[in-house]
Structure formats: structure tokens, C-alpha cells
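Letter by letter, the chains look like this.
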Amino acid sequence: MTAGVPVTAARWMLFGEWRAHPARVVTAALAIAIGVALGFAVHLVNASALASFDRALSSVNGAADLQVRAATPTGFAERLYPRIARVPGVAGISPVVELPARAAHIAPDATGPGRGRVTLIGLDPLRAAAVTPSLIGPPGGEDSVLLSRAALAALGRRPRQSVTLVAAGRSHAFTIAGVLSGAGDDQAIAVIDIAAAQWRFGQLGRLQRLDIRLGAGADPAAVRRAITAALPADAILTTPDADAQRTDSLSRAYRVNLEMLAMVALLTGGFLVYSAQSLSVARRGPQFALLRVLGLPRRALLVQILVEGAALGLVGSLLGIALGQALADLAVTRLGGDLGGGYFGAATPQLAFAPGPAAVFAGIGIIVAMVSSLVPARAAAAAAPAVALKTSGDLGDPRRAARLWPGLALLSTGGLAALAPPIAGLPLLGYAAMALLLAGGVAIMPALVRLLLGPLHRLPGLPPAIDLALKRLWGAPQQAAVALCGIVASTSLMVAMAVMVASFRGSVDDWLVAILPSDIYLHLEGAEGGGLDPAAQARLAATPGIASIAFVRQVPLRLSADRPAVQLTAQPIDPAAPGRRLLLVGPSVPVPAGATAVWVSEAMVWLYDARPGTRLVLPIGGRAQPVFVAGVWRDYARQFGAIAIADSDYVRLTGDAGKSEAAIDARPGIGADRLIPALRRALPPGLAGQALFGQPRQLRTMALSIFDRSFAITYALEAIAIIIGLVGVAATFSAQTLARTREFGMLRHIGVRRRQIGAMLAAEGALLGLVGGVAGLALGVVMSQVLIHVVNPQSFHWTMDTRLPWGLFAALLTALVAAAAGTALLAGRRALSGDAVRAVREDW
Amino acid sequence: MLVPLSPALSVTGLAKAVPGGRLLFQGLDLAVAPGEIIAIMGESGIGKSTLLNLIAGLDRPDAGTIAIAGDALAGLDDDAATRLRRDRLGFVFQAFHILPHLTLAQNIALPLVLAHKPAGDALTAAEAVLAKVGLPGRGGDYPAQVSGGELQRIAIARALVHRPALILADEPTGNLDPDTADRILALLLAEARASGAAAVIVTHSDRAAAIADRVLVLTAAGLVPRTA
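Chains A and B, in that order, give the protein sequences. Numbering-wise, the first sequence is residues 1 to 844 according to my numbering. Numbering-wise, the second sequence is residues 1 to 228 according to my numbering.
So that you can see chain A by itself, here it is in the shape it has in the complex (with noise of 0.2 angstroms):
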């Protein structure tokens, strides 16, 4: 063995003490695997998840080499496409347009797998098949549509029947004429004839992409530029690997808050591995330093209480592993594949084990347990052998100041770390900032267990019970801070989430109260390339009952090729008095003369940099169309990035006038149930079935459980810290009390009652569980502002106000004394239930 640890002598201390204790290694092993577990499930749901998403994302894209996409759901000129065809190296072009779609004969706001939602391509099979052949059939005609077997399932329909499907505010009637073999199982597609697609859903002389086929020795580097440079400002070049990128980023912050999150549980559980082996450790010293004047050397003895944490590692990480299957595959048939996040849509991803990520996260839970041991194997090592040999280890000197050094040193990194920027668009520093701050509270717990109970342990009169247990707190604080850490480090975590979350449903909640002022809203479903053209706003805004309306038109906008598109919203916006429908976040700049200004969400600021009086280009009416940025306001719905813009400005830069939304007041007396139907009547046919109406409380309550739901998962991994840092309190409270059998029969030889050391394990347990909590409270507020500052504007680019969650917190300080005191007075109980002799050799 290396280091010079005699591989028999290591073999027999760790299995001796395994055998004769094992409740504290299946414990320890279990925070290990849970942590293990909770981060392999994760990873492994996002990565089935996220190659689901993938392979959908190949069915509608075909494979090919290189896209052209349209920067807006308009689509770009057809006169691109032979243009781009002309360009040296491209063997093979295909155009295509490409619709979002619903079935006429299923409601627009159901809901599953049943929806009937496909995407709608039309192409020219001719040069389809020469560039994405996946994407060709059985030949049809111009009225017949190929299916893909998940559009069927959405549908509801069997080949050779009749479906309606209703695009860009158009419907039309088809025959399916076969199923498309080439797609995913799980991406609904639905493939016409382009010359179809284009006449029967407005379409004409538009198209959505190009698909290329590279020729055979093209420079793709060559092709790319040449291709960029003869693009029009509304359209992008994209490839496989951008599109990749564009998949990842969607849902990439989400994933990995996640994963950080399982990593807290493992840290958590990290902790109680610290506990179980520091207290191994003092209980174990005059063992040790039998060793040590045995013969075993200083670096031997430290290398094998590693070795005791890294196995503890490897039996939990191996039941973690497990553990972490079985959970993967519960989480998939309940949650879905985004675990209740929204980002993939209903598709149900295929879970299978995957030995690389399997290594890492065991690897990981290795590492914790090894570093979590690395504090009690150095006190081991470094002490003095003749000294150990005759104490109990517990000789500490109550005069001897606690260092303060190292925590603050520690605290002090980890605000530093949470000023830095992040890295590859992920607060990673932040989470480091979260994990530094974490060890510096926990660090600085025995001078901060003698600076609160300083006070308390001089005053005079108070019970034996009492004065007993503080003067034992307040002169062996190492040990009190061995019981501290799992209180603090589960009372912290869990405190810093419930803040950041309380203040982000209170911010949402805020939020949708601002920008829903309006008495209805209606959104017109798949009316991103048309909508309510100015003859239907005139019929809309006529309907009796109506005091005032404002509509909104909503265009996806794809500013970049490797990140999701951003949406622009042209609404009534006075520019004078932006404020009045947009919830502004900082000050508006002026606007100088003659630009067209925009506000920009917080987003759009962290991702492009748009920050007020910049200048940004958008492509919108065909046109690269430079505007000026006056101002940012907050958005919660589009972590990607939104646009405010002035109605009018929109019409003059673009020409479209139709509108997608409106926001509607009703006239004093007129209730929503009397307008809606009305409403609904002035609609135009053709869009009457797209109609969506809203009520602002409904939204608010669709939004906000929609918050729930997304967070549930997170509630879940919070619990589960919390619990593994509660059997943490249990486990040290239980081992120390055990280990202090001959104290508790001294105290019974001069006179002090059994009942009265009851009364002082359990004044011992609540004066730790007060100050575990207060300063697990009191560190968790300080995490929460990394959450809320850093990590949250870091990941999703919004930001929100603190709230403190005071009734929580007066509840959670309740609950963790009266369970550490209610643990502490168990685990007594047990102590001084049976003869010294017994108590000595007993396990809990």
C-alpha cells in the first residue's frame, strides 16, 4: 500500500471498527448514497431527457448539413433559395416551410399527449430526397399529408382518414397517406407538398428554411461564409452543431441548478460523514495512538482513516448508484423528462445506465467522504501519541480560545467568489461562493457556540440541569461544533432555498398583478405568422361592452443561430411613460431623435448585452432594423429574452399590422362572462377555434401552480437535505452522549439524579438546536443572497426582491429544538439505561 500503511493493519482496523459499529457505517454510507443517488438521477433523467430532445430536434431538421432559418416565424423571401443553390459547394438544396400546427377537431388549450400539436413542413420531395431523405414517404397528393407515428397519436388519427389542420390562422382539409418511417418516435410531424403549404396557409413566395447537402470535398468553412454573406438580415445560417447548442442552452441553467442541487444533498451527507468520523476519531484517539507508538507512522495513520472515508465512499456510492436508477426511472414515469421543469414538452425520454456518468458521480461520492475525513484523519495524525494513549480524548482546555481565523478566511472567499462573474454562462462561482460560505459557518461554530453561550454560562442560580449542560457546551465547543455542523449545514441550505424561492413566487406573484391590469386577455394560438389583421381589430374593438382594448402582437425573433429565439412584443407604449405597461427595472434613458426605441428584458441584457442607451439591430420587416435601447424591464416568462416595442413603430418598421393578443376592459357593470362569448362571436371564423381568453385570476393561478410544479422538484431535494442533516444531529447526539457513559456515572456517583441528567442532555440539545438554528438561519439568508443575486440572474437572467419567510423560519427554530432536544434526551435515555460495562460497548 502507498504512504507505507501496512495493507493487513489497515484491513483490520477498518473492518473491526465497521463490525463493532455498524449502525454508524450504514449510516454514513446512506447520506453518501443518497447524495450519490439524488445527483446520478438527475443527470441521468436531463441527459436521456436532453438526447430525446435531440433526436426530435434530427427528425424535424432531417440531418441536414446546414440550415438557412428564418429569423421570424414570416418566414424570408423564396428568391434566397437559388441564390444559396448557386453558392460553390452546396451538392443539394431543399426548401422548406415550416408551421406550428393543431388539428381542427381538438380544443387549442388541451392538454398530453393528445393535444394535437405537430409541426407542419412542407417540402418539394423531389430535392427533399436528395438532402434529408428521413423526411420523404409513400408519394401523395397535393391534398395528403405523411404523418410521423407520434403526429398520429396527437392527432388521434389512422392513416387513409381525413384531419383538418389549422396554420398561420388557416385551416385545411387533408387525407393522411402514409406514415413517415424516417422521424422519431416521439417528434409529431406532419410533411405536404410545399406548393400546399404555401397556398393553403398564406404562405406564398415565404419559407421558413433551406435545408443543404455540403458537396463531397466542400470546404465547410468556405461554404458557411459565402452562404452568411448572401443572407438577407431575416434570415440566419445555423448548423447541426449550433442547433445542438441552441437544445442544450434551452434548458442547460435549469439542469444544472438541478444537479447543484442533488450535489447539496451529497454535501449535506458530506457532512454527516465529517460527524460520524470526527467522532470516530476522538473516540478512537488513544486506539490511534496505540498505533502510533506500535510503530504505525504519522502519514500511515492519516492515510488510513482516508482510506476508512473512502470506503464508507465506495459502499455508498455503490448503493447510490443503484439507488439512483431506480430513482431515475420513478422520476421519468412521474415528473416526465424536464422533472416538472416545462422545457421538453411531453416526450417521455428512454432511460439507460450509463457507466461514464455512473463513475463520475461514485467518484464523487468518494471524494466526499475522503475530504469530509481529511479534517479528523489530520487532528489524528497530529496528535501527540503519549498524550492520546492517556485521555479519552476529550481533554479540551474551556480556557483555550476557539480560532476564528480559518471561517472567516473561508466566509470572506466565498463573498469574493459571489462577486465573479460566470463561467460558460453558469454561476459556477456562485456555487462555489454557496459551498465556501457553508464550511466558513460551519468553521467558525465553536467561536461562535462560545460568543453566544459566553453570556449565558456565567450567570449565577440557574439549575444544576442547566448550568451542567452550558458549561459543557461552552468548554468543549469542538465537540458542540461536530453536533453544530449537520444542523447548520441542513438549517443554511435549506433556509437559503425556501428564501430565494418565497422571494421568487412573491416577485412572480408582483409581477403578473403588473402586467395583467386588463379585465381579459386574448391569445390567439399558432398566430405567430398572422393574426387578427386591422378589419378583425376593428370588429374586436367594436363589440359592445367593451371599454377600451389594446392589442399586442407577439414574433419569435432568432437574433442568434446557437441561442433560442427572443420574443418582440409590440404593444400601445407611450414612450414618455413606458412604466404604465412594463414593469421597469432601473431608470430609462432618453431617446435620441429620429431612433426607434425598444425595452429590453433582464435577459436580453445578460445575454446580449443590451444594456439602456446601447444600440441593438433586430431583423424584422425584411430589413436589419437598428434600434435603441431606453430601458429594461422584468420578465419572468422568457428566460431567453424579450423586446418591448411601440406599436406604431412596429407597423411603420414592418408594415405587418395584425396582431396576435389583446388586452381587453370591460365597461362598468359588464361582467367577463358576458363579453367573452361576444368577443369570441366578432372574431373571424377562421380564427374563432384559435381563440384563447383568459381572466387575470385564472392566469395568475395557471401561473403560479405552474411555478409550483416546476419547483416541486426542488422541494423534494431540499426535504431530502434536510432529512439527511436531521439523521446527522440524530446520529452525533446518540455517539456523543454514548461516548460519555463514565461522565454520566460520575455525575450519578456525587448525587446528581438520573432525571437531572436527562434534564441536561436535553438543555444540551436545545441550546445546540437554538444555536445551530440561529446561526443556520442567519448564514441560510446570506446563501439566499447568492442565490437571489448571483446564481439566479446568472442562470435565467432575472433578477427579484428578497422576502423573508418569517413564519417558516419561527417553525423551523421550533422543530429543530425541540428535535434536538427530544434526540439528545432519547439517545440519553439509552446511555444511562444499562451498567457502565454495557454502555461502553454498546452501538446505537
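No wet-lab data here; the hints were simulated from the structure. Just so you know, not all the hints are guaranteed correct.
To be verified - Ranges between beta-carbon positions, derived for each pair:
#, chain 1, residue 1, chain 2, residue 2, range
1, B, Ala-131, A, Gly-363, 43 to 49 angstroms
2, A, Lys-471, B, Arg-22, 27 to 33 angstroms
3, B, Gly-70, A, Met-746, 46 to 52 angstroms
4, B, Asp-62, A, Met-746, 46 to 52 angstroms
Unchecked claim - Under the rule of at most 20 angstroms between Cα atoms (straight-line distance), these lysine to any residue pairs were calculated in the SDA-like manner:
#, chain 1, residue 1, chain 2, residue 2
5, A, Lys-471, A, Ala-447
6, B, Lys-16, B, Asp-29
7, B, Lys-16, A, Pro-455
8, A, Lys-471, A, Val-817
9, B, Lys-117, A, Leu-14
10, B, Lys-16, A, Ala-384
11, B, Lys-16, A, Val-387
12, B, Lys-117, B, Ala-128
13, A, Lys-471, A, Pro-455
14, B, Lys-16, B, Gly-27
15, B, Lys-132, B, Thr-180
16, B, Lys-16, B, Ala-74
We put the beta carbon where it would ideally sit given N, CA and C, even for glycine.
We have chain A already, so just place chain B on it with the hints.
Using the frame of chain A, we list chain B on its own:
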């Protein structure tokens, strides 16, 4: 030509003060011949255990030199001192210090496995020594299954199993009743002599001292022979 044997222990001009500055002893000299049994007596707190710690390389003297079977401790780093302790010294403690989760044979075999001897050989040697100390065939038992006197027999077996040059025993009978103490001392003496090891026994017990070849008393002025 005969090569003279090095003394099992040679201490010259040893001085040691406690952290507070109080001088425990200075100018202390001691030579122990191979196979010789020395008993050291003295008042509590005079520094007897400290002297043993210094001899074992577990503490460092303020002045003077110590050599075990000709090897000087001065200048040895912690690892080298540990190796020397492992190979040349055997220990018997008042509190036995038997590891509760190892079998009796494993406890005895510890010095051998710490020296990287194969486990099978070490356990065989342990069983053999176990028989010598009067506990044949008990190697598979655990410490909880034996009495205090038997635990000290295990400790003596552990001190002898690797054939050390010198055994250091700190109050080896302090936790035993007089009859058991007599039997343990007799055993320690017999086995030490049989293996050719010298022994330094720190004790308060006149009965323990009576079996030694020499009895010395530790004073601030050093070690002086006990007068009757």
C-alpha cells in the same frame, strides 16, 4: 575476535523540563545491558513516564542522548523514530491498550503486520506467543471475552512477538490485584529473559521492583540506586 554487544539502552546526560519550565531531571545517565531488567521508582509527577516517552522517541529531550541497541535517537525524524520503535521496542501499559474490535491474535500480531510481515505468518507467530503467555488456542477470542489479567498477558505477548531489544513497561500491574500482578510480573520477566530482551519497568510496586536486576529511583538529580 569477539565484537562487544551494544547496550540495549544507553542514556547520557539527559535533561527535560515540563512546558511551564520546571526541570524534571538533568544529567541523567542510564545503561541497560541486553537481557537486563531495570525497575524505576519515584514519586508521582517526578517524570518516570516522561523518561519512558523520551526513551521511546515519543518526546524529545532538552539535552542528552539516547541510543537503543546502539542506534541513537538524536536526529531521527518522526518516521525514523517510529520505525525504530516498531523494530526495537516492545510496550506494556498500565491500561493494557488492547484494541477491542481485533481478536486476541490480531492484537498480538499488530507489531508484525505494522512491519509489513505477511498476515498468515504474523498470526502464526501470535498464536505461538499466546501459548507461551498461558492462553493457548484463544487467538480467535475478542478482548471483551477475557479478564483484566488475561488482557495484560495479551499486552505482554504483543510486546514480545517481534523479539524487541528492549521492553518498556509503564506501571504494568497498576490495574491488577496483587496475586494477578505477581503472576503477570513473573511472566513478563520469564518471557523477556527467554527472548533475550532487556526491560525497563516503571512502577510504584515494591513487589514489582523486587523481581528486577536493579532498582533505580528517579530524582531531580537523576537516577540513583535504591537503598534498602
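Exercise. Enumerate the violated hints, using their earlier numbering and listing them in ascending order.
Key: Of the numbered hints given earlier, those the structure breaks are 4, 7, listed in rising order.
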